[in-house]
Every structure is written in C-alpha cells, then in structure tokens.
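Asks: Sequence:
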Amino acid sequence: MEIPWPLLALGTNFHSMKHTFRRNFTACIWAVLGSALLFSCGQESQKHSAKHVIVIGVDGMSPDGVQKASTPNMDEMMVNGASSMIARGVLPTSSSPNWASMIMGASPAQHGITSNAWRADQHILPTQVNSTGAFFPTIFRIAKEQKPELKTSIIYDWGGFSNLFDHADPTYQKHVEGEVATAQHAVEYWKNDQPNFMFVHLDHVDGAGHGKGHGSPAYYQSVEKADSLIGLIKQAVEKSPMKDETVIIITSDHGGKGFGHGGESLEEIQIPWIAYGKGVKENYQIKGTINTFDTPATVAELFGLKRPQAWIGRPVLEIFQGEEIEPEYTAPTSMRKPEISPKADAWSPAGGLYIGEPAEVKIANPNAKGELRYTTDGSTPTAQSQMFGVPFMLKENTVVSSAVFAEGTRKSEVERGFFRFIDAEVNHGMKYQVYEVDEMVKLPNFNAHKPVTEGVALEPSLSRTELTREEHVAVVYQGFIAIEKAGDYTFTVASDDGSRLFINDQLVADNDGDHGVIEKFGTVNLQPGKHQIRIEWFNGGGGKWLGAYYEGPEIRKQLIPASVLYISQ
Numbered sequence: 001m002e003i004p005w006p007l008l009a010l011g012t013n014f015h016s017m018k019h020t021f022r023r024n025f026t027a028c029i030w031a032v033l034g035s036a037l038l039f040s041c042g043q044e045s046q047k048h049s050a051k052h053v054i055v056i057g058v059d060g061m062s063p064d065g066v067q068k069a070s071t072p073n074m075d076e077m078m079v080n081g082a083s084s085m086i087a088r089g090v091l092p093t094s095s096s097p098n099w100a101s102m103i104m105g106a107s108p109a110q111h112g113i114t115s116n117a118w119r120a121d122q123h124i125l126p127t128q129v130n131s132t133g134a135f136f137p138t139i140f141r142i143a144k145e146q147k148p149e150l151k152t153s154i155i156y157d158w159g160g161f162s163n164l165f166d167h168a169d170p171t172y173q174k175h176v177e178g179e180v181a182t183a184q185h186a187v188e189y190w191k192n193d194q195p196n197f198m199f200v201h202l203d204h205v206d207g208a209g210h211g212k213g214h215g216s217p218a219y220y221q222s223v224e225k226a227d228s229l230i231g232l233i234k235q236a237v238e239k240s241p242m243k244d245e246t247v248i249i250i251t252s253d254h255g256g257k258g259f260g261h262g263g264e265s266l267e268e269i270q271i272p273w274i275a276y277g278k279g280v281k282e283n284y285q286i287k288g289t290i291n292t293f294d295t296p297a298t299v300a301e302l303f304g305l306k307r308p309q310a311w312i313g314r315p316v317l318e319i320f321q322g323e324e325i326e327p328e329y330t331a332p333t334s335m336r337k338p339e340i341s342p343k344a345d346a347w348s349p350a351g352g353l354y355i356g357e358p359a360e361v362k363i364a365n366p367n368a369k370g371e372l373r374y375t376t377d378g379s380t381p382t383a384q385s386q387m388f389g390v391p392f393m394l395k396e397n398t399v400v401s402s403a404v405f406a407e408g409t410r411k412s413e414v415e416r417g418f419f420r421f422i423d424a425e426v427n428h429g430m431k432y433q434v435y436e437v438d439e440m441v442k443l444p445n446f447n448a449h450k451p452v453t454e455g456v457a458l459e460p461s462l463s464r465t466e467l468t469r470e471e472h473v474a475v476v477y478q479g480f481i482a483i484e485k486a487g488d489y490t491f492t493v494a495s496d497d498g499s500r501l502f503i504n505d506q507l508v509a510d511n512d513g514d515h516g517v518i519e520k521f522g523t524v525n526l527q528p529g530k531h532q533i534r535i536e537w538f539n540g541g542g543g544k545w546l547g548a549y550y551e552g553p554e555i556r557k558q559l560i561p562a563s564v565l566y567i568s569q
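Using the working numbering, you'd call the opening residue of the sequence shown number 1 and step up by one each time.
Some hints here could point you the wrong way.
What the hints assert, rightly or not - Simulated DEER-style distance windows between Cβ atoms:
(1) Pro-148 - Thr-289: 30 to 38 Å
(2) Asn-116 - Thr-380: 30 to 38 Å
(3) Gln-194 - Ala-364: 15 to 23 Å
(4) Gln-321 - Asp-488: 56 to 64 Å
(5) Asn-116 - Gln-321: 34 to 42 Å
(6) Leu-266 - Thr-382: 31 to 39 Å
(7) Pro-126 - Pro-241: 38 to 46 Å
Keep in mind the hints are simulated off the structure, nothing from the lab.
Remember, predicted model here, so these are calculated numbers, not experimental data.
Think of the CB as a built atom: it goes at the ideal place given N, C-alpha and C, for glycine as much as any other residue.
All chains, please: the whole structure from these sequences, using the hints.
Replies: As structure tokens, then:
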C-alpha cells in the first residue's frame, strides 16, 4: 500500500498514531459498553421500588394464631398479596434477638444481641461490625447514610425495643404504651408526616401468650385484636395519596409454646410473613425460605439501598410481580399438621389421662386438602400407614402419631397425642412440694428453704400442680417408677425455666437455667422393679412449662404415664 505523502512525512510517528488510535478507540468502546452495563445494573436494582414501606411486627404472633383466629384484614392482605406461614425467626426465640435481626439483616452470631438483657454497653458477644457505638448497622442507619432524604420512623409498644438501635438513626422514634395507642399514634404520624419507612411494633399478643397460654381462647382473641389494629393502619394507607406507592409487611418475632418462648421448637421459631401493596403478587404462597433477617433486606431492595456486606439477609424477590423464581429446595412440609382430640393446650400435649374409662380418638385435618394417616405405636406415619376415617377407641397407654399426606408424600409436621390410662387414682402419682424463692435464675438449694404447700399429682405436670404463685416458684416431685423389663431407659425433661430429673438419687437429665422450653435427656440402666424418681422445676418469671418423658425396651418416647408412677414403694 502506498502511503500518502502527508502521512509519510510523519515517518515513524504514523505507526505510533495508529497504535494510539486503536487504543483510544478500544477504550471508547469499553467505556460505552461499561456505561450501558452500569445503566442496566442500575435499572435492575430499581426494578422493585416503593416510595413508602410499612413493617408491622406483632410480638408473639404465631402462624397458628393467624390461621385459627378470625383475622379478616390479614386474610384480605394474603388474598391480595404474598404470604408464608413457615417463615422463621432466629435462635434463641427471645424478643430482643429477633427484633434486632428484623432491623439489622443478620442473626445474633453477627449482631451479638443474644438475650433481652443485651445493652450497647453491657453484653457478652460483641457485634461483628460497628455502625455507631456498639450497634450493628440497622435499616435506619443505611437509609440515613445512603439516602438521607428518606424519612424513617419506628413506633414501638415494648420499651425494650429502645435498646436495639441508635436513636439518632431514624428520623423519628417513639415509645407508646399500649397496643391501641401505638396503632393510633402510627396512623396519625402516617397521615401528618407521610414517612417513607415506618416500623410499628405491637406487644399485646406476647402478653396473652405469657398470661393465658399460646393456643388459648384469650390468645386467639389477642390475635384478632392485632388484626383490627393492622386494619386501622391499612385503612389509613388506603385513604391516603400514598396508597399506590406503598408496600406493607406483616410479621412477628417469634411464636410460643405453653406460656412462653425462648426454646427450640417449631411452634416458637416459625412466624407469619405477609407482603401486600405495590408490585406484590396477588394470592401468592411463597415457595422459598424466609428468615426474619430477610425483612430489612426486602425493605432495602424497595428503597434502592445497597445492603451492607455484613448483612446476611436477602430480599424476598419471589413476592414481586414479574419474578419467576423456582427455589432449588423447598420446605418439606407446607400444610398445617393434624389436630388430635383432645387437643393440645397451654399446659399439655394432645391426648390425656383417663381414669377408669376408655378414650375416643378423633383426628381432624385443618387443611382444605390432603389425607390423614396415623400410627398407634409412636412411629412416624408414612404413605403406607393406616388412613384415618372414623374415630376409634383406646384403653391402653398409646402414642398416636398423625400427619397430612398428598400425592404420596408427607406434607405436614407430625402431631402426637399421648393417651394414658389408670383404673383408679389410689397409690398412683407423685408427691410434690411447692417453694417460693425470689430472684431465681437456676434451681435453688431446696434444703435451704421450706415448702409453702404440698400435694399429690398423678403425673409431673403443671396442669396437675397447685402453684401458690406464677413466678419465682419451684416444685419438687418425688415418687417411684415401675420398670417391667431390664435395659437402658432414656429420660427427658422439657421445661421453661429449668428442671432436673433424678433416678435413684442419680442425676440423669440436667435442664437447669433460665430459658424457654428446651429438652435435655440422659440414659440409665434399670432392672425390673420400682425405682425412686425425683423431678425438680422452677420458674423465675415469664412463661412456664414442664413435661417429663421416657423411652426404653419396647417403649417409644412418651410422657411418663400415671400408670407407672407410685406414691410409695
């Protein structure tokens, strides 16, 4: 190729110019592509947006409460929104760790809030990262840092919530006494200030669980009241000009068992999670997993906020219109478990103790579909187990286990009913003594105290024990257990708060301490005959529960029945 003379005159500089041109041209192309990619990414992060988000957290409200109580407002939000009744809180199932996770996008392992006793200047586990002082970064903090124009607020019923965040981070924060006043204050604040983000905490359902028992009529009534208060806030939104730009999320910190929480049961850790409003799918049952720390991540997604690297929460993208997400793994059980009658209550599991009479067993399916299968030997039902059709009679100690099946697979958790029988009360049971000891955080030295009352309980259960007061109370049960076959026997105590079980003065199961319903067990080899059994229990405050179980040769795990317990040898 002949080079034109003007370029030829440039000599070697021409080749340098060609190289520079190519380099600059390439750089320009990458710059344009990069800008396009950045623009595309920016658009993607804003695909789900809302100008206003409200999170309403109802303390102690379980999925069972939502499903069994009359909740027209939440029902309407589920029909016109997305929901899950198998979302989970964090362990321990106490209030502060879970509320913290709900605003911090992380678990206690990261934010360090492991109990209600946590304080910014007084704690056991330090936070993994600091945003201000000893606080892990909250949704309020990242909103303030990234989009200071956002108006954020928190209005809470439980005073303990004030310990969980830096009060300088939300635009507005207010502790209001009482659930009605809290909801009304939230409505007025919404109308007058039109916040972008409003977090509302209602406390009364937790109080009903502690006072009257989870699953009690009073508990369900408290859930119905919560639903009416949610309705007030929802109505305020729908009457406001922000209606079409608002997403509402309804959830809870924990469920409960008996009169408390803080343990490791499904009843305590499962929570409801309902999303309703702009861009949310309608009548949609969420397939994927949801954890309570996903709630602030979802709020951040809606506001276009970057989630801190320290957060482990992920936005629940599945709820949004246009998102077709099929989780690789789904929950193995999605239906409500069967109800065995007599039903479980705040004191006792399903089943019961029958004196001189047989028992009629009824099993009900609380779901719209599915079939009931059951066993009577304590084993877990399978698709080949007996199908329940009509009630049947029992007259011997039996553990009835039932689950809901569909399409050949188990779709619910297993419900168990413990049916126990004795001919008469004579000689059966355990003697007990009640102690009143102030400020207990573990079992007391009973030798240093005198009992205030005593009695006989056919079984070591709080439903059969006359307590002199609800808190700062302890009980010692003593008697004999009849063993028919030689072998290893495992004894379990489940309690809120602490308990211990002794056989022949040997400590077998140590469940001492101030905690929710958790189980501890131990094994001992026993010969045929009667053996001394002693169970100690205390409640320092709040919820309470006690259950004693055993299993051994040809005996599935079951409540220790009155038929093998004796007052004397």
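Asks: So, for every hint listed, does it hold in this structure?
Replies: Hint-by-hint comparison with the structure:
no.	hint	result
1	Pro-148 - Thr-289: 30 to 38 Å	33 Å, holds
2	Asn-116 - Thr-380: 30 to 38 Å	35 Å, holds
3	Gln-194 - Ala-364: 15 to 23 Å	47 Å, violated
4	Gln-321 - Asp-488: 56 to 64 Å	58 Å, holds
5	Asn-116 - Gln-321: 34 to 42 Å	39 Å, holds
6	Leu-266 - Thr-382: 31 to 39 Å	20 Å, violated
7	Pro-126 - Pro-241: 38 to 46 Å	45 Å, holds
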